[in-house]
Amino acid sequence: MKLFTILAKHKKAVLKKWLDSIVESYPQETARFLRNKKDQFANPVGYTIEVETEHLFDLLMEGMDREKVTPYLDRIIRIRAIQDFTPSQALYFVFALKYIIRHQVAEEIDSDALEQELVDLEASIDMMALVAFEVYMACREKIYDLRAKEIQQNAYLLLRRAELIVEKPGKDRIEDNAN
Amino acid sequence: MAAKTPSPEVVGQVDHHPPRKGWMDTKPEFKPGNYLYAAQPQNLEGVGLANPRTWNPLDDDWQLPADWKGTVREGIAERLQRYRSFKLFMDICVRCGACADKCHFFIGSGDPKNMPVLRAELLRSVYRGELKTAGKILGKMAGGRKLTEDVIKEWFYYFFQCTECRRCSVFCPYGIDTAEITIMARELLNLLGCNIDWIAGPVNNCFHNGNHLGLQPHTFKENVEYLLDDIEEYVGVKIEPTFNRKGAEILFITPSGDVFAEPGIFTFMGYLMLFEHIGLDYTWSTYASEGGNFGFFTSHEMMKRLNAKMYHEAKRLGVKWILGGECGHMWRVVHQYMDTMNGPADFLEMPINPVTGTVFNNASATKMVHITEFTADLIKNDKLNLDPSQNDHLTVTFHDSCNTSRGMGLLEEPRYVMNKVCNNFVDMAPQVTRENTFCCGSGSGLNAGEYLEMRMRGGLPRANGVKRVHEDKGANMLACVCAIDRAVLTPLMEYWVPDVDCCGVSELVGNALVMEGQGEREYNLRGEENPSYVPPPEPEEPEGEGEAEAGEEGAE
Numbered sequence: 003m004k005l006f007t008i009l010a011k012h013k014k015a016v017l018k019k020w021l022d023s024i025v026e027s028y029p030q031e032t033a034r035f036l037r038n039k040k041d042q043f044a045n046p047v048g049y050t051i052e053v054e055t056e057h058l059f060d061l062l063m064e065g066m067d068r069e070k071v072t073p074y075l076d077r078i079i080r081i082r083a084i085q086d087f088t089p090s091q092a093l094y095f096v097f098a099l100k101y102i103i104r105h106q107v108a109e110e111i112d113s114d115a116l117e118q119e120l121v122d123l124e125a126s127i128d129m130m131a132l133v134a135f136e137v138y139m140a141c142r143e144k145i146y147d148l149r150a151k152e153i154q155q156n157a158y159l160l161l162r163r164a165e166l167i168v169e170k171p172g173k174d175r176i177e178d179n180a181n
Numbered sequence: 010m011a012a013k014t015p016s017p018e019v020v021g022q023v024d025h026h027p028p029r030k031g032w033m034d035t036k037p038e039f040k041p042g043n044y045l046y047a048a049q050p051q052n053l054e055g056v057g058l059a060n061p062r063t064w065n066p067l068d069d070d071w072q073l074p075a076d077w078k079g080t081v082r083e084g085i086a087e088r089l090q091r092y093r094s095f096k097l098f099m100d101i102c103v104r105c106g107a108c109a110d111k112c113h114f115f116i117g118s119g120d121p122k123n124m125p126v127l128r129a130e131l132l133r134s135v136y137r138g139e140l141k142t143a144g145k146i147l148g149k150m151a152g153g154r155k156l157t158e159d160v161i162k163e164w165f166y167y168f169f170q171c172t173e174c175r176r177c178s179v180f181c182p183y184g185i186d187t188a189e190i191t192i193m194a195r196e197l198l199n200l201l202g203c204n205i206d207w208i209a210g211p212v213n214n215c216f217h218n219g220n221h222l223g224l225q226p227h228t229f230k231e232n233v234e235y236l237l238d239d240i241e242e243y244v245g246v247k248i249e250p251t252f253n254r255k256g257a258e259i260l261f262i263t264p265s266g267d268v269f270a271e272p273g274i275f276t277f278m279g280y281l282m283l284f285e286h287i288g289l290d291y292t293w294s295t296y297a298s299e300g301g302n303f304g305f306f307t308s309h310e311m312m313k314r315l316n317a318k319m320y321h322e323a324k325r326l327g328v329k330w331i332l333g334g335e336c337g338h339m340w341r342v343v344h345q346y347m348d349t350m351n352g353p354a355d356f357l358e359m360p361i362n363p364v365t366g367t368v369f370n371n372a373s374a375t376k377m378v379h380i381t382e383f384t385a386d387l388i389k390n391d392k393l394n395l396d397p398s399q400n401d402h403l404t405v406t407f408h409d410s411c412n413t414s415r416g417m418g419l420l421e422e423p424r425y426v427m428n429k430v431c432n433n434f435v436d437m438a439p440q441v442t443r444e445n446t447f448c449c450g451s452g453s454g455l456n457a458g459e460y461l462e463m464r465m466r467g468g469l470p471r472a473n474g475v476k477r478v479h480e481d482k483g484a485n486m487l488a489c490v491c492a493i494d495r496a497v498l499t500p501l502m503e504y505w506v507p508d509v510d511c512c513g514v515s516e517l518v519g520n521a522l523v524m525e526g527q528g529e530r531e532y533n534l535r536g537e538e539n540p541s542y543v544p545p546p547e548p549e550e551p552e553g554e555g556e557a558e559a560g561e562e563g564a565e
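Chains as they are written, first to last, in our numbering: chain L, 3 to 181; chain Z, 10 to 565.
Treat the hints loosely; a few may be bogus.
[Stated by the list, open to error] Which chain Z residues face chain L? A few, computed with CB under 8 angstroms, are given here: (1) G119; (2) D120; (3) E271; (4) A438; (5) Q440; (6) T442; (7) E444; (8) G458; (9) M465; (10) P470; (11) G474; (12) E503.
[Unchecked claim] Pair by pair, the computed Cβ-Cβ distance ranges are: (13) L:T88 with Z:E54: 35 to 43 angstroms; (14) Z:Y46 with L:E136: 30 to 38 angstroms; (15) Z:E38 with L:E143: 18 to 26 angstroms; (16) Z:G106 with L:P89: 45 to 53 angstroms; (17) Z:G526 with L:E56: 54 to 62 angstroms; (18) Z:G483 with L:A15: 36 to 44 angstroms; (19) L:E56 with Z:Q72: 51 to 59 angstroms; (20) L:E117 with Z:H402: 54 to 62 angstroms; (21) L:I145 with Z:E538: 26 to 34 angstroms; (22) Z:I146 with L:P73: 54 to 62 angstroms; (23) L:E136 with Z:N394: 47 to 55 angstroms; (24) L:P73 with Z:H402: 22 to 30 angstroms; (25) Z:E538 with L:E136: 46 to 54 angstroms; (26) Z:I146 with L:K14: 51 to 59 angstroms.
These are calculated hints, taken from the structure and not from any lab test.
All residues carry an ideal CB built from backbone N, CA and C; glycine is no exception.
Make the full structure from the sequences, and use the hints.
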């Protein structure tokens, strides 16, 4: 596809703008840190965003695949799902890619065929967004699930002694007996 | 064509930049999930803390006491007099920024007020604005600001996002310990009755009943007995420990979480087995039934009161010395504060391991020895019968708890023990272990349920270290020597690295111990089938019969 050849040329610029658009959703001082500190242990958030946005971009060029895109999105969204963001703030970065790509290659879209390719690519990004919703919800649901579980674990033995939970052998041996 | 498709420019026009305002003008927004519940009045009344009332951080009016500003001003002035370190820390910061990006809460939340330098500035600005001449006159120009209710709310919001882990202090060229600034700020908040219930409740319970949950002596004892039944079932050994026995050689104290919370109870079973294995002359106390000291997160006075009961109990029982279980801040209090607060413990004797004869000179002041040092000494002297292959299904990595690593230098002992009780131990990267360890994100009383989401932020850098060692070296078990860690790393792992479980070091020891008279170890201490269990070979049938059978088959 001709568009992909053009985009490959612009990969670095697109990724930089995409990264900027994500880190700039944080306060100024934090954005500076996220962008500049390169160590994966000292700056796990910035590192993850940088690595996974590239994975996502490459996958877009290969052809969107629901299964493959999920772990890449997960690593970014898992972080933003527990930070101080509303759902739209947490996920807008997927949609931002459409804007970034269109602006980056605007001058080179000189035929209807290319325009169609761009629309198709945007449809792939929309699919990425749909998967992003699912990943986000799964993260939030996990938080609620963990809260409920923690209450049980923190007083595990007392609940067991009061026969409010019973045991069964095997991995999922704790079962809620409240019902 | 482009005009007909939904324009992505709509997205592009939305400004996602947060508003650019100075830090003094940016106020925290309290929302369910990002604040801790307020202390209930009865928990403050129970230990004589100020301004007991029913309130909620979401309220506009926090019902601060009359002349609260005077109380805070005097509180700061008094502490500047009492603690030279506090005075120094208020004055010497040059804002070099070395600490700025070292805080796990900053890294995980992205909130700049979690940069240690800025967190300290929350208090320093008031110190300048209310107590220093330049700040009083020049205000903001001299980095000063006046006390307002908003300042108190901001303190409550951010000083309960610091876990007092002291990672930032490792990087400060002046050695400023931001944890101590948080400790002071929390003391000041306590003068106004602005504490959290997750701290005030355990403090009140511990003071009156001996442990955080307020377990009565008989309940404590029954819980232990319940665990003894489990040991009998899974290990095949009956253990009969003693409680409140006068004249025992050693008093053992551990965080009470180990007696009722999962997975702490499995660590507790490990202790019981270890002491039985070596025939230790020790006793449990149902009064000093808590090693944890949430007074440490309240005020110096409260820390002293709760620490004292362990030593009173040791005196009452007439033991020679105290052995302490796997706990974080209990050890920080013992190691750094006990001797000057409640010492000297001269009614106790220099701790000597009765099995190996090792003298624990390092504990000469406090007379209290860490279980991991004790276990390491037993292993070093070849006093334990161990089968590390029982842990072969595990690839274990280790979380250095802030309090035991940075707070008391317990770095090698746990690793030594784990290498002896497991065949597969792998360390995390040096940037995130030992003195550089990242906090679990829930220490210093922040491990409350309502705070889970914030804890996921604070624990992100720790989880990131585990994630790497899981992906690179296959780690599937995160061991630690702290009860809060055991409780909070479990959900932290489940969110960030779900293939990694969490346990105490003594649980690994318990699973590897070969007990005298034990049954088949098909189950581990969690009651799960042990994947590493190898059944004994079937007894060979007598030769004669075998031949006869073969003969018969041949005949057919």
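Numbered hints the structure breaks, given as an ascending list: 6, 7, 16, 25
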